[in-house]
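K.L.:
With the hints as constraints, model all of the structure from the sequences given.
From first to last, the protein sequence lines are chains A and B. Our numbering puts the last residue of the first sequence at 321; the count rises by one with no breaks. Our numbering puts the last residue of the second sequence at 1877; the count rises by one with no breaks.
No lab work stands behind these hints: they were computed from the structure. Mixed in with the good hints, there may be bad ones.
A few chain A residues that don't get close to chain B, going by computed Cβ distances all over 10 Å [what the hints assert, rightly or not]:
| no. | residue |
| --- | --- |
| 1 | 26 |
| 2 | 34 |
| 3 | 64 |
| 4 | 65 |
| 5 | 125 |
| 6 | 145 |
| 7 | 238 |
| 8 | 245 |
| 9 | 304 |
Restricting the straight-line Cα-Cα distance to at most 30 Å, the calculated cross-link-like pairs of lysine-lysine (DSS-like) are [to be verified]:
| no. | chain 1 | residue 1 | chain 2 | residue 2 |
| --- | --- | --- | --- | --- |
| 10 | B | 1625 | B | 1493 |
| 11 | B | 1772 | B | 1716 |
| 12 | A | 276 | A | 298 |
| 13 | A | 298 | B | 1603 |
| 14 | A | 276 | B | 1772 |
To give an idea of the interface, some chain B residues facing chain A are shown, with a C-beta separation under 7 Å as derived from the structure [stated by the list, open to error]:
| no. | residue |
| --- | --- |
| 15 | 1489 |
| 16 | 1493 |
| 17 | 1860 |
| 18 | 1864 |
We put the beta carbon where it would ideally sit given N, CA and C, even for glycine.
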Amino acid sequence: MIIDLHPTEDQQMIADSIGGMLADALPVSRLREESGHAGAIERSLWNDLAEMGLFGMGIAEEDGGAGYGLPEEIVAARELGRVLASPSVLAQMAAVHLSEDNVREALIAGKERAAFAARGLGGEVLLFDGAGADHVVLLSDTAVLASCEMFDWQSAVSMDETLTIHRSPHTDPTEDTRSPIADRISLLLSAALSGMAHGATALAVEYASQREQFGQPIGSFQAIKHQLADMRVRADAADSQTMVAAVAFGRGNNDRNEVAAARWLAGDAAISNAKAGIQVHGGMGFTAECDAHLFLKRAHTFASLGSSRRAEERRLLDQQ
Amino acid sequence: MRLIEDPKLDQFRAECRDWLQDNVPKGPRPAEGLALREYDLAWQRTQYDGGWAGVSWPEEFGGRGLSVLEQLIWHEEYARAGAPPSASMFVALSHAGPTIIVQGSDQQKRTYLPPILKGEENWCQGFSEPGAGSDLASLKTRGVVDGDHLVVTGTKIWTSYAEGANRQELLVRTNPDEPRHRGLTWIVCDMDLPGIDIRPITAMSGVTHFAQVFYDEVRIPLANVVGEINKGWNIAMTTLGFERGTGTIAHQIELANGVERLIEAARGTVDPLTNRSMIDDEAIAAKLAGLRAEVMALRSLTVASVSRGMREEVPGAEGNIPALYFGELTRRVNGAALEIFGSSALVRDGAHNWPLHYLESFKWAIGGGTSEIRRNVIGERVLQLPRGPRAI
Ligand SMILES: Cc1cc2nc3c(=O)[nH]c(=O)nc-3n(C[C@H](O)[C@H](O)[C@H](O)COP(=O)(O)OP(=O)(O)OC[C@H]3O[C@@H](n4cnc5c(N)ncnc54)[C@H](O)[C@@H]3O)c2cc1C
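P.N.:
Shown next, in the form of structure tokens:
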């Protein structure tokens, strides 16, 4: 078994078409305005995204999907992460793998909607950008699809003001064991987190190339340049590990380990790069008007979804 | 990103595995000096006789003429079989050889390549000088043309495995009037020429594997110049680029094995603080799990690098990414034993010899380009950031 990480023609096309569409329709700058919060613009594009085949990307054609596999979903998820797309878009891509027949069809077509929810402390459930959703993809160490109506949602104030949080005291009794689908969703999250890590790097590189102090661009100072190089390395490490895990998924006998490593690295890369990105922007980085903090807030949200860092560490040690 | 599934490659892998299983030397390997050189050459001869030398080198010079994919498979199986690191053959196999394949004349290829593959000759690298390390282009060792010879005077330092080496890839200044990298020449120096004096240097680990080399009017035939005179810089950059290729896969697997040894040892050691296995300690478990994830990331970065390498003839600046990751991670992995096991890890003759691995691990973030220089290169050539201030 040999792995080639160079994009295939299909993957390049997906990256270009989805990446291009997202860059136009969902630039990170949209989040500076309230009209761009809570996944509102994403929702207005839901039909377009469905038509592009995004939601059924990894579902076989005979089941109504686009007939690609996990690697192609990874390419798309990375682009979603790069523009900080609402978690609900990724939730929809995840939900199709947890649903059957009618529901799956409706999700692929964008007629029904899903959102991510996480298990919090004391049995509470937290829902992200879930307004108007029909289904929740409830993530903990496991992944379960449930009806949104099963919960008693109360709105809460999110650290990330660009997305909404609802919380419900409901404890879902249908606790499952971890399935391969939970691993698959974990890789989608890893890909989105890797995309964020790359996005934060690109933003900081652009700023460091143009902002001048002491008569020269700050990117020429090694204290800045080396931080940016480390950001790139962290993003690449997470990205490469996610791709390797995705390509080998279901083929090797070490899936859990590969996925756990991807998730561990990607969570770290997204958060660390967001932090470094703020520092590179100086005082501007501390302001609400600069986009750097948006990467930090999103990274924390995505990193909190699914199994915890501690659970991944246990998984990394349990096997092999 | 995709799996390359090709029964021919699977077959090739199986052949590699079988042959390695039967032929990897089992006896103890000398740590240093001429004994190590002899050992490495003998192992190279065994590989040549078995038909496994230079998997991707041209057939007419003794190689197998296969693609980088087969080369990669060979390296993977080589490492998995626990075959010895290339050590004193490293420069010949991973630097000089590939450089001559790309940049050398036909005559040079015929002269230099077969003896490498046959395990008859080993090479060393004479680039760094006492005054020119990271700033390689400031090197001062002089080469003066005299008839059909280049007369070399000066000194090189940190020359790994110089003792006993047959040949050297040597970078000298042939035109002192041209600034920095413009007046340099890449030449093959036979190490038994009159005027060469080799003085071994002992490393902080106690191992002696490099030396300072002095040149006193050493006469090297001009026919040994690879590329053109005064055009050596580009050749040298080709050489250094190859350092980041598949040549380090064996070291990576060694590193992965190091993490496994740590985990095993932590499992089997009682924590004096809790009387339970050390792996049950949250902080230790988290550290080891993280190292395991990072070792996997290193492998994945290398897969990415090789995937790029299949599409470019000469390695690009991105090769610094896995190299930087490797150098930094190696130090942390090998330092972990001392953090976890305390004073018992300070014993050199223990089952694991943690101190040797720890002390040796520092070299990977220095040799072949320091971590700082790699960050400069990633910043300027991968991210296209503005260059820093440079003298000239
Ligand atoms: C085990 C080992 C084997 C080696 N084998 C060989 C060999 O076979 N042949 C050979 O030619 N060489 C060899 N070397 C030499 C190696 O390439 C040099 O040590 C290396 O390039 C650094 O040069 P230096 O030692 O002069 O350090 P210096 O360049 O003096 O660096 C000292 C410190 O300053 C930092 N620094 C320097 N310049 C900059 C800059 N522009 N920006 C930021 N930081 C900077 C460095 O990162 C480092 O931390 C070997 C080295 C080691 C450790």
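K.L.:
Decide, hint by hint, whether the structure agrees.
P.N.:
Results for each hint:
no., hint, result
1, 26, "holds, 26 Å"
2, 34, "holds, 30 Å"
3, 64, "holds, 22 Å"
4, 65, "holds, 24 Å"
5, 125, "holds, 25 Å"
6, 145, "holds, 26 Å"
7, 238, "violated, 4 Å"
8, 245, "violated, 4 Å"
9, 304, "holds, 14 Å"
10, 1625(B) - 1493(B), "violated, 50 Å"
11, 1772(B) - 1716(B), "violated, 48 Å"
12, 276(A) - 298(A), "holds, 10 Å"
13, 298(A) - 1603(B), "violated, 59 Å"
14, 276(A) - 1772(B), "holds, 22 Å"
15, 1489, "holds, 4 Å"
16, 1493, "violated, 11 Å"
17, 1860, "holds, 4 Å"
18, 1864, "holds, 4 Å"
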